[in-house]
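S.K.: Residue-level listing of the chains:
2 protein chains.
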Amino acid sequence: MADNQETLLLKIKEQGDLVRKLKAAKESGEKIQEEVAKLLALKAQIKTEDATPQKFSLKTAKGTRDYNPQQMTLRNGVLEKIIAVFKRHGAECIDTPVFELKDVLTGKYGEDSKLIYDLKDQGGEILSLRYDLTVPLARYLAMNKINTLKRYHIAKVYRRDNPAMTRGRYREFYQCDFDIAGQYDPMVPDAECLKVVTEIMDSLEIGQYVLKINHRRLLDGMFEACGVPDDKFRPTCSTVDKLDKSPWEEVRTEMINEKGITPEAADRIGEYVRLNGGVELVDQLLKDEKLSKTKAAVEGLQGIKLLLEYCELFGIKNKILFDLSLARGLDYYTGVIYEAVLTQPIKIGNEEQTVGSIAGGGRYDNLVGMFDSKNKQVPCVGVSIGVERVFSVLEAKLAAGDISVRTNEIDVYVASAQKNFLEERMKICTDLWNAGIKTEQSYKKNPKMLTQLQHCEENGIPLAVVLGESELKRGVVKVRNIKTRQEDEVPRENLVQDLLARIAELNVKENGTA
Amino acid sequence: MADNQETLLLKIKEQGDLVRKLKAAKESGEKIQEEVAKLLALKAQIKTEDATPQKFSLKTAKGTRDYNPQQMTLRNGVLEKIIAVFKRHGAECIDTPVFELKDVLTGKYGEDSKLIYDLKDQGGEILSLRYDLTVPLARYLAMNKINTLKRYHIAKVYRRDNPAMTRGRYREFYQCDFDIAGQYDPMVPDAECLKVVTEIMDSLEIGQYVLKINHRRLLDGMFEACGVPDDKFRPTCSTVDKLDKSPWEEVRTEMINEKGITPEAADRIGEYVRLNGGVELVDQLLKDEKLSKTKAAVEGLQGIKLLLEYCELFGIKNKILFDLSLARGLDYYTGVIYEAVLTQPIKIGNEEQTVGSIAGGGRYDNLVGMFDSKNKQVPCVGVSIGVERVFSVLEAKLAAGDISVRTNEIDVYVASAQKNFLEERMKICTDLWNAGIKTEQSYKKNPKMLTQLQHCEENGIPLAVVLGESELKRGVVKVRNIKTRQEDEVPRENLVQDLLARIAELNVKENGTA
Numbered sequence: 001m002a003d004n005q006e007t008l009l010l011k012i013k014e015q016g017d018l019v020r021k022l023k024a025a026k027e028s029g030e031k032i033q034e035e036v037a038k039l040l041a042l043k044a045q046i047k048t049e050d051a052t053p054q055k056f057s058l059k060t061a062k063g064t065r066d067y068n069p070q071q072m073t074l075r076n077g078v079l080e081k082i083i084a085v086f087k088r089h090g091a092e093c094i095d096t097p098v099f100e101l102k103d104v105l106t107g108k109y110g111e112d113s114k115l116i117y118d119l120k121d122q123g124g125e126i127l128s129l130r131y132d133l134t135v136p137l138a139r140y141l142a143m144n145k146i147n148t149l150k151r152y153h154i155a156k157v158y159r160r161d162n163p164a165m166t167r168g169r170y171r172e173f174y175q176c177d178f179d180i181a182g183q184y185d186p187m188v189p190d191a192e193c194l195k196v197v198t199e200i201m202d203s204l205e206i207g208q209y210v211l212k213i214n215h216r217r218l219l220d221g222m223f224e225a226c227g228v229p230d231d232k233f234r235p236t237c238s239t240v241d242k243l244d245k246s247p248w249e250e251v252r253t254e255m256i257n258e259k260g261i262t263p264e265a266a267d268r269i270g271e272y273v274r275l276n277g278g279v280e281l282v283d284q285l286l287k288d289e290k291l292s293k294t295k296a297a298v299e300g301l302q303g304i305k306l307l308l309e310y311c312e313l314f315g316i317k318n319k320i321l322f323d324l325s326l327a328r329g330l331d332y333y334t335g336v337i338y339e340a341v342l343t344q345p346i347k348i349g350n351e352e353q354t355v356g357s358i359a360g361g362g363r364y365d366n367l368v369g370m371f372d373s374k375n376k377q378v379p380c381v382g383v384s385i386g387v388e389r390v391f392s393v394l395e396a397k398l399a400a401g402d403i404s405v406r407t408n409e410i411d412v413y414v415a416s417a418q419k420n421f422l423e424e425r426m427k428i429c430t431d432l433w434n435a436g437i438k439t440e441q442s443y444k445k446n447p448k449m450l451t452q453l454q455h456c457e458e459n460g461i462p463l464a465v466v467l468g469e470s471e472l473k474r475g476v477v478k479v480r481n482i483k484t485r486q487e488d489e490v491p492r493e494n495l496v497q498d499l500l501a502r503i504a505e506l507n508v509k510e511n512g513t514a
Numbered sequence: 001m002a003d004n005q006e007t008l009l010l011k012i013k014e015q016g017d018l019v020r021k022l023k024a025a026k027e028s029g030e031k032i033q034e035e036v037a038k039l040l041a042l043k044a045q046i047k048t049e050d051a052t053p054q055k056f057s058l059k060t061a062k063g064t065r066d067y068n069p070q071q072m073t074l075r076n077g078v079l080e081k082i083i084a085v086f087k088r089h090g091a092e093c094i095d096t097p098v099f100e101l102k103d104v105l106t107g108k109y110g111e112d113s114k115l116i117y118d119l120k121d122q123g124g125e126i127l128s129l130r131y132d133l134t135v136p137l138a139r140y141l142a143m144n145k146i147n148t149l150k151r152y153h154i155a156k157v158y159r160r161d162n163p164a165m166t167r168g169r170y171r172e173f174y175q176c177d178f179d180i181a182g183q184y185d186p187m188v189p190d191a192e193c194l195k196v197v198t199e200i201m202d203s204l205e206i207g208q209y210v211l212k213i214n215h216r217r218l219l220d221g222m223f224e225a226c227g228v229p230d231d232k233f234r235p236t237c238s239t240v241d242k243l244d245k246s247p248w249e250e251v252r253t254e255m256i257n258e259k260g261i262t263p264e265a266a267d268r269i270g271e272y273v274r275l276n277g278g279v280e281l282v283d284q285l286l287k288d289e290k291l292s293k294t295k296a297a298v299e300g301l302q303g304i305k306l307l308l309e310y311c312e313l314f315g316i317k318n319k320i321l322f323d324l325s326l327a328r329g330l331d332y333y334t335g336v337i338y339e340a341v342l343t344q345p346i347k348i349g350n351e352e353q354t355v356g357s358i359a360g361g362g363r364y365d366n367l368v369g370m371f372d373s374k375n376k377q378v379p380c381v382g383v384s385i386g387v388e389r390v391f392s393v394l395e396a397k398l399a400a401g402d403i404s405v406r407t408n409e410i411d412v413y414v415a416s417a418q419k420n421f422l423e424e425r426m427k428i429c430t431d432l433w434n435a436g437i438k439t440e441q442s443y444k445k446n447p448k449m450l451t452q453l454q455h456c457e458e459n460g461i462p463l464a465v466v467l468g469e470s471e472l473k474r475g476v477v478k479v480r481n482i483k484t485r486q487e488d489e490v491p492r493e494n495l496v497q498d499l500l501a502r503i504a505e506l507n508v509k510e511n512g513t514a
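Those protein sequence lines, which keep their order, are chains A and B.
Residue numbers 1 to 514, in this note's numbering, belong to the letters of the first sequence in order.
Residue numbers 1 to 514, in this note's numbering, belong to the letters of the second sequence in order.
Next up, chain A with everything else stripped away, as it sits in the complex (with noise of 0.2 Å):
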């Protein structure tokens, strides 16, 4: 505590005392209050100055961040060019609480359970936070009975893993899926979601991008055929999913000593995930002789080719791959596999980034029947943008400088010259934000005109109102365009006219050379 502190308590002290002993004395209460009054501004110094310094270290929770306002700004960009794609597509926006009752995650995730939060229990239910937002969709699938549905829904999810934070994982963080609840034909729906995917892709311009595509029956059968025993597709497929960070020869090794495949169906999986194509590849497929052989990669085959025929009416068969080595981690994929990935690596200043897969889904047809009691089923296909991903490269770019952005959308801001004019500017900005104008001012009264015009140049604000004292008297104010400092008298009761006028022609030469 520091010296003027014990001061102002020693001084309290006494202060006290004394009024103690006026009232002991039955002194007469004008005189007490006074010295009360006295004792109460010293102790309204120390609730300033003494309110408990903190004593733990000040951040934010792990693996969690606080978003700047220049974070947010390019958040709330990306996310408003992906829901203009979902609307495109007429897809509905859902919300559903942070937790969840923790019964309703339980048997989701596999091994994965283990990253789930749980609330403490405080009496009452038991709870656990959101770990994504599929299975709380099942679960409102089923609970309000609806059949069909295409949603999208945007919000935080929660995981207790040890992220790389640096490349944008975290445990909290973004979500932001699009989903097709209903019982229709093949490949249909699957097929827009992919359109989604492209459309969000090139609108992000992001890079070049690739969409791999995939079948869980076709790895199924693709496994069957290869003599792996049928409990161990899952496993397996868990382990070809990691064929896009790790070289074959790892890859098989974990199947070999790890999930215990013989070293002959190791090489059979191994030549057939090297595969990748289109529709020839398909076509060939379905002559090989053990995969023809097998009613599930058929199943597969023939899905892929009824779906890469909807993508070329889609007019996207050239962003799409089918590459049998795409499987996907989750458990609950029943039919199409897809991933988009970029296919070169992202400058950010001088250095490169490579950022790999940036959204990824698939058909799920068995999850919404979990949560039935009757177990009846709502087949779903959906995709997942990978948010956080777009937002770190976009954060490294503007580290880098090779973006800006303004975090604010202020249009005009009232200055003054000299003194004494905070009346007339709280004037001024009345009429301009009662006219819709995005206006701002110093809180200040007396604020210097070289701060003021500073805040415009820092902030990208275009326009200022400058008044003066000459200028009011002859009824005008100065309008100021902060970038060529060029100055224009304007009459006081034309101002909201002439700022609009101005505003419009600003944002006509931004979006014509944007």
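You may find that some hints are simply not true.
Below, computed lysine-lysine pairings styled on DSS-like, alpha-carbon distance capped at 25 Å [said to hold, decoys possible]:
#1 Lys-11(B) / Lys-376(A)
#2 Lys-317(B) / Lys-438(A)
#3 Lys-26(B) / Lys-290(A)
#4 Lys-245(A) / Lys-114(A)
#5 Lys-87(A) / Lys-317(A)
#6 Lys-293(B) / Lys-13(A)
Among chain B residues calculated to face chain A with C-beta under 8 Å, some are [to be verified]:
#7 Arg-88
#8 Phe-314
#9 Phe-371
Treat the hints as calculated values from the structure; they're not laboratory data.
Heads up, the beta-carbon is just placed ideally off N, CA and C, and yes, glycines get one too.
Given chain A's structure and the hints, the job is docking chain B onto it.
M.R.: Here is chain B on its own, set in the frame of chain A:
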């Protein structure tokens, strides 16, 4: 479990036995593979139907709810209007994590701390869900050593309360805050907060309202002048805060019986708190025998007087009521406090509903210092918009049929009058999506014409493209106005342009009459 499930399990067992027998007998691989395939096919059936049916009651956590598309549309509409006002005043947007270190929240909410949700200790940090957005803002400012910020923050907060959910109160609910942090001249940012509230209230068009204001220093001075011991200022203040719901007699009884205030002091308070008015009341109280001798009261009154002057300049004086009974529950306010209250019940269907307070806030100059190791203060003033009450009113109006909402924004539905037009529909959808037109089609190969038109009517889709064999042969399609049922033939190659023109026209009509 259903009978057919039991039959299925029996079949699987038999088939499994068969496979084991064949393997034991070292039968040919092909033979075994064939029987394994049958086994897998059987198992696949059970996978679909026998995923653990849920045994717990299917619900959201107590005090929480899902938002369906209609509710989300209302919610997003309200937030859009509010954000427009925030942006008009130059506010930046920030976000903070949903949970904080428990220590950050400790000691900030007084008695209400018992309502904080704690996370389970799963190893690592001890965390709690945020209780409001103000303490996280203070933590953010102190942690990042930020001295000035004008920000808005819209996010969910969590309270383990037992709320009356029918009245729009929940355990998970939105807060929508606007705050100005920084050392500025008295009442300048405070007055802007009031201006922001009036603009929001006007923009929401939710009914007549009054913006009550008071000052914590005046309340302190009033309590002092009435003979309340200074350690009872805060509890007395909480009791006064109940005057909006309870009559004075009840409040008086609570003061005397529960807070230990003398009947004389309570009666003196009673005389003050029934006062309300404008600047003339301020002048009257500045001459009041007791208050004029109390430093805190005079400070408070002078603050109110200045604030009223600024409100006049901002053109909102007629909305403001200086009301000595306004106390606000929270401990951390240090200066002006305010609350926007609807003055009339809202008509919902044939009933009237009293809504009360829609927004509230005030000045809190000492909160940020609680997080700074050197107790460095950042004065703040802000307002929180009670959006949940607004949502609740709109939802009630929706339920009563007073308002309606569209949950999607689709402009064009691509339909077919005959079978086998899926491919043609897909091609047209592609053209429209690529032109930015919000377009939808059925996910069925051969949907019924009536079903397609009904979908348009139920979802408020204004236009349909109808494909027919004879038209396509002639290179045209029909464009149908769903409301008027008028159909026009449009050449296929002009379709995009024709639809863009129709949509533009519809938008003009809608905005013209809205």
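S.K.: Each of the hints needs a verdict: does it hold here or not?
M.R.: Hints, verified against the model:
A C-alpha spacing of about 22 Å is found between Lys-11(B) and Lys-376(A), which places the hinted pair at or below 25 Å, so the restraint holds. Proximity of Lys-317(B) to Lys-438(A) is assessed by CA-CA distance (about 22 Å); at most 25 Å being required, the pair is judged to hold. Among the hinted pairs, Lys-26(B) with Lys-290(A) is consistent with the structure: their alpha-carbon atoms are about 20 Å apart, no more than 25 Å. At roughly 23 Å between alpha-carbon atoms, Lys-245(A) and Lys-114(A) fall within 25 Å of each other, so this suggested pair holds.
Between Lys-87(A) and Lys-317(A) the alpha-carbon distance is near 23 Å, which keeps this suggested pair within the 25 Å criterion. Only pairs whose Cα atoms come within 25 Å are accepted, and Lys-293(B) paired with Lys-13(A) is accepted, the gap being roughly 23 Å. For Arg-88(B), the shortest C-beta to C-beta distance to chain A is roughly 5 Å, which falls under 8 Å, so the interface hint holds. With a cut of 8 Å, the hint placing Phe-314(B) at the interface with chain A holds, because the nearest CB-to-CB distance is about 5 Å.
With 8 Å as the threshold, the beta carbon of Phe-371(B) comes within range of chain A, its nearest partner Cβ sitting at about 5 Å, so the hint holds.
Every hint, counting from the list given before, is met by this structure.
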